[in-house]
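Those sequence lines, one after another, are chains A and B.
Okay, so the first sequence: first residue is 1 according to this note's numbering, each after it adds one.
Okay, so the second sequence: first residue is 1 according to this note's numbering, each after it adds one.
I should point out that these hints are in silico values taken from the structure, not numbers from a laboratory.
Built from N, CA and C at the ideal position, the CB exists for glycine as well.
Any given hint could be a false lead.
[Unchecked claim] Chain B residues, not near chain A, derived (Cβ > 10 Å throughout): (1) Tyr-35; (2) Glu-39; (3) Glu-68; (4) Gly-83; (5) Thr-108; (6) Ala-132; (7) Gly-138; (8) Glu-161; (9) Ser-164; (10) Ser-165; (11) Gly-196.
[Unchecked claim] Derived BS3-like pairs: lysine-lysine, alpha-carbon spacing no greater than 25 Å straight-line: (12) A:Lys-114 to A:Lys-68; (13) A:Lys-95 to B:Lys-184; (14) A:Lys-93 to B:Lys-184; (15) A:Lys-114 to B:Lys-184; (16) A:Lys-93 to A:Lys-114; (17) A:Lys-102 to A:Lys-68.
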Amino acid sequence: MNWQADWGLRFRMFVTMFLLFALYIVFAGVITAYVGGGLLLFGLMFGGFSLVQYYFSDTLTLRSMGAKTVSADEYPQLHASIERLSQQADLPKPKVAVVDSKVPNAFATGRNQKNAAVCVTSGLMNSLEQDELDGVLAHELAHVKNRDMMVMTIASFLSTIAFMMVRWGAFFGGGHGRGRGGGGGGIVVAILVSLVVWIISYLLIRALSRYREYAADRGAAAITGNPSALASALLKISGEMDKVPKDDLREEAEMNAFFIIPIKSGIVGRLFSTHPPTERRVEQLRDLEREMQSF
Amino acid sequence: MGLLDGLRAILGSRAEADAGRDADPDDLFGMSTAYLTMEADLGYDSLDVGALCFSGVDSSDFRDAVDEVEAILEAGQEETGTGFSVTADDHGYHWVILEDDDPEDLITSMHFAADTFIEHGYGSRLLAAVFAYENRDGPAYWIYSFRRGRFYPFVPRSGRERDSSAEFTLESALDGELEIEREKEYWYPLWPSERGTHPWE
Numbered sequence: 001m002n003w004q005a006d007w008g009l010r011f012r013m014f015v016t017m018f019l020l021f022a023l024y025i026v027f028a029g030v031i032t033a034y035v036g037g038g039l040l041l042f043g044l045m046f047g048g049f050s051l052v053q054y055y056f057s058d059t060l061t062l063r064s065m066g067a068k069t070v071s072a073d074e075y076p077q078l079h080a081s082i083e084r085l086s087q088q089a090d091l092p093k094p095k096v097a098v099v100d101s102k103v104p105n106a107f108a109t110g111r112n113q114k115n116a117a118v119c120v121t122s123g124l125m126n127s128l129e130q131d132e133l134d135g136v137l138a139h140e141l142a143h144v145k146n147r148d149m150m151v152m153t154i155a156s157f158l159s160t161i162a163f164m165m166v167r168w169g170a171f172f173g174g175g176h177g178r179g180r181g182g183g184g185g186g187i188v189v190a191i192l193v194s195l196v197v198w199i200i201s202y203l204l205i206r207a208l209s210r211y212r213e214y215a216a217d218r219g220a221a222a223i224t225g226n227p228s229a230l231a232s233a234l235l236k237i238s239g240e241m242d243k244v245p246k247d248d249l250r251e252e253a254e255m256n257a258f259f260i261i262p263i264k265s266g267i268v269g270r271l272f273s274t275h276p277p278t279e280r281r282v283e284q285l286r287d288l289e290r291e292m293q294s295f
Numbered sequence: 001m002g003l004l005d006g007l008r009a010i011l012g013s014r015a016e017a018d019a020g021r022d023a024d025p026d027d028l029f030g031m032s033t034a035y036l037t038m039e040a041d042l043g044y045d046s047l048d049v050g051a052l053c054f055s056g057v058d059s060s061d062f063r064d065a066v067d068e069v070e071a072i073l074e075a076g077q078e079e080t081g082t083g084f085s086v087t088a089d090d091h092g093y094h095w096v097i098l099e100d101d102d103p104e105d106l107i108t109s110m111h112f113a114a115d116t117f118i119e120h121g122y123g124s125r126l127l128a129a130v131f132a133y134e135n136r137d138g139p140a141y142w143i144y145s146f147r148r149g150r151f152y153p154f155v156p157r158s159g160r161e162r163d164s165s166a167e168f169t170l171e172s173a174l175d176g177e178l179e180i181e182r183e184k185e186y187w188y189p190l191w192p193s194e195r196g197t198h199p200w201e
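Work out the full structure, taking the sequences as your base and the hints as a guide.
Here you go:
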C-alpha cells in the first residue's frame, strides 16, 4: 500500500534547507572576515556544548521533561504497541518513557535509531482510544526514522551561534578584528549581519519544522495503515490543549519542536510556529484516507 | 544506512518509504531445508504449523485482498492438503494460520498467501512468518521478518522469558542455511497471550 509521494512537500523541504545552507555560508564568510579568531574559539566552545547535548539528547530531554523510563511490566499495553509499530517501521525498539501530566502530548528524542526514546504523557493515554494512540506513537516513530533530531540540530546550529553573536558579540570585538573594517567597526557589521541571519534562519527553521510534521504524519499513516485514527487523535489533543492551562510548560519552548502538537504561548503568527495548524494536518490525512479507500 | 536512505531521511520521507516497502516472500523457501536440520541435528519436532502475521488496513480493498487469500488457500487445499484459518490477536493484528505435516506444502501455501498480499499492493502490511517447533523444554519458533528480510529464533518460556541459550544454539546451527538477522535488537518477540498457547492464539 503506497500513497502517491508528496513531491511538493519534498521540494519545499529541499528549498528551505538549501536557503538555510546558503544563508549559513554567507554568515560564516562575513563572520570570519570581520571577527576571525575570536569566533573560532567561540564556535569551538559552543559546538562542543551542542555536540554533547545532541549526543545525550535521549537522557537529557527525558530528564528535562520530567519523564520516567518505564518497563514492560509497568505499561504492558504501551510497550506492546510500540514494539509492533517499531517492527512495522523497521526500527529497533526505542526506550519508552512516561510523563505524569494531564496535558495530552508525546515526543520523540535521541541522536539515532538505536538511542531513541518515545515519551507520552499520562494525559495522552487517558484521553485517546488505542488506535488513536497508535497513530500518535507511529508519528513519533516516524520522527525517529526520519532522523528529525539530527536534521533540526544541524539546521539550528548556526542560527544559535548567530543569536549568541547578537547578544554577546561585543565581547569579541576589540583586538580580534582583522583590520579591514578596524576592530570596533567590524564587530558592529558582524552583529548586524548576525541579527539578519538569525531572523531569517529562525523563520526558515520553523518552516522546516512544519514540513517535517507533515512528513511524520504521512509516515505514521504508512506505519499504521490508518490515517483517520491519527487525524482524530490530533483533533482530540488540540481540543484538549485549548482547555488546559499552558503556563507551566512555557519554559519548554525549545522542546516544542518535537511535540506532536505544540504548546501555544500567546498569539504567534503562523510563520513562527513549529507545527502546522491542526486543521491542515487533518486535511492532509483525510486526503490519504480518501486515496486509500479508492485503491 | 545507504546514500538513498540518508537522502530519504533528510527529506523526511524515510519513515513513509520503509513502512511501505514491499516484502519478498521467496526467502520463505529457505525454511524448507531448515526443517531437516531442526529435526535431524537439533532434535526439535515440527509442530506442522506456520502462520503469517499481518497488520490490517481499514479499507474495503484490503478486505478484498484478505478474502482472496482465503479463496486461494481454499483452492489449494485439495492439492496440498494444507488446512488454514484466519484470526485476530489481542494486539489487533491478524494471522493466517496454516497446518500441514509436509513442510514443503506448508511453505508453498504460505508463499501463496504472502504473494497474494503483495499482488494486491499490501506486501508492506506483512509483518512476520512464524514456523513452530518443539522439544522437551517447550516450543521454539523461527520468525521471518518481512520488514527486514531475515530469520531469527524465538524461544519463549513461562513468565515472558526468552531462553537465550536455546536461541543461540538455533542461531549457530542454522547459520548459513537461513539468512539470519545479525542485529539482535530486531529479534522482536511475538508473545503468546497465555501460557501454553502459540503467538497467534
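Verification of the supplied hints:
The claim that B:Tyr-35 is not at the interface with chain A holds, since no C-beta of that chain comes within 10 Å of its own (minimum 25 Å). Distance to chain A confirms B:Glu-39 as a non-interface residue, since its nearest Cβ pair spans about 29 Å, more than 10 Å. Against chain A, the non-interface label of B:Glu-68 holds: every CB pair exceeds 10 Å, the least being about 14 Å. Every C-beta of chain A lies more than 10 Å from that of B:Gly-83, the closest at about 27 Å, which supports listing it as non-interface.
Even its closest Cβ contact with chain A, about 25 Å, leaves B:Thr-108 beyond 10 Å, as expected for a residue assigned away from the interface. The beta carbon of B:Ala-132 sits about 19 Å from the closest Cβ of chain A, which is more than 10 Å, so the claim that it is off the interface holds. At roughly 21 Å from the closest C-beta of chain A, the C-beta of B:Gly-138 stays outside 10 Å, upholding its exclusion from the interface. With a minimum CB-CB distance of about 12 Å to chain A, B:Glu-161 clears the 10 Å threshold, and the non-interface call stands.
No Cβ of chain A comes within 10 Å of the Cβ of B:Ser-164; the nearest lies about 17 Å off, and the non-interface call holds. The Cβ of B:Ser-165 lies farther than 10 Å from every Cβ of chain A, with a closest approach of about 21 Å, so its non-interface assignment holds. With a closest Cβ-Cβ approach of about 19 Å to chain A, B:Gly-196 is found to remain outside the 10 Å limit, as its non-interface label requires. Distance check on the hinted pair: A:Lys-114 and A:Lys-68 sit about 18 Å apart at the alpha-carbon level, within 25 Å; holds.
Between the alpha carbons of A:Lys-95 and B:Lys-184 the distance comes to roughly 16 Å, so the proposed pair stays at or under 25 Å and holds. Between A:Lys-93 and B:Lys-184, the direct Cα distance comes to roughly 11 Å. Compliance with the 25 Å bound is thereby established for this hinted pair. Distance check on the hinted pair: A:Lys-114 and B:Lys-184 sit about 12 Å apart at the alpha-carbon level, within 25 Å; holds. Between A:Lys-93 and A:Lys-114 the alpha-carbon distance is near 8 Å, which keeps this suggested pair within the 25 Å criterion.
A distance of roughly 15 Å separates the Cα atoms of A:Lys-102 and A:Lys-68; the hinted pair therefore holds under the 25 Å criterion.
The structure is consistent with each of the numbered hints, conforming to all of them.
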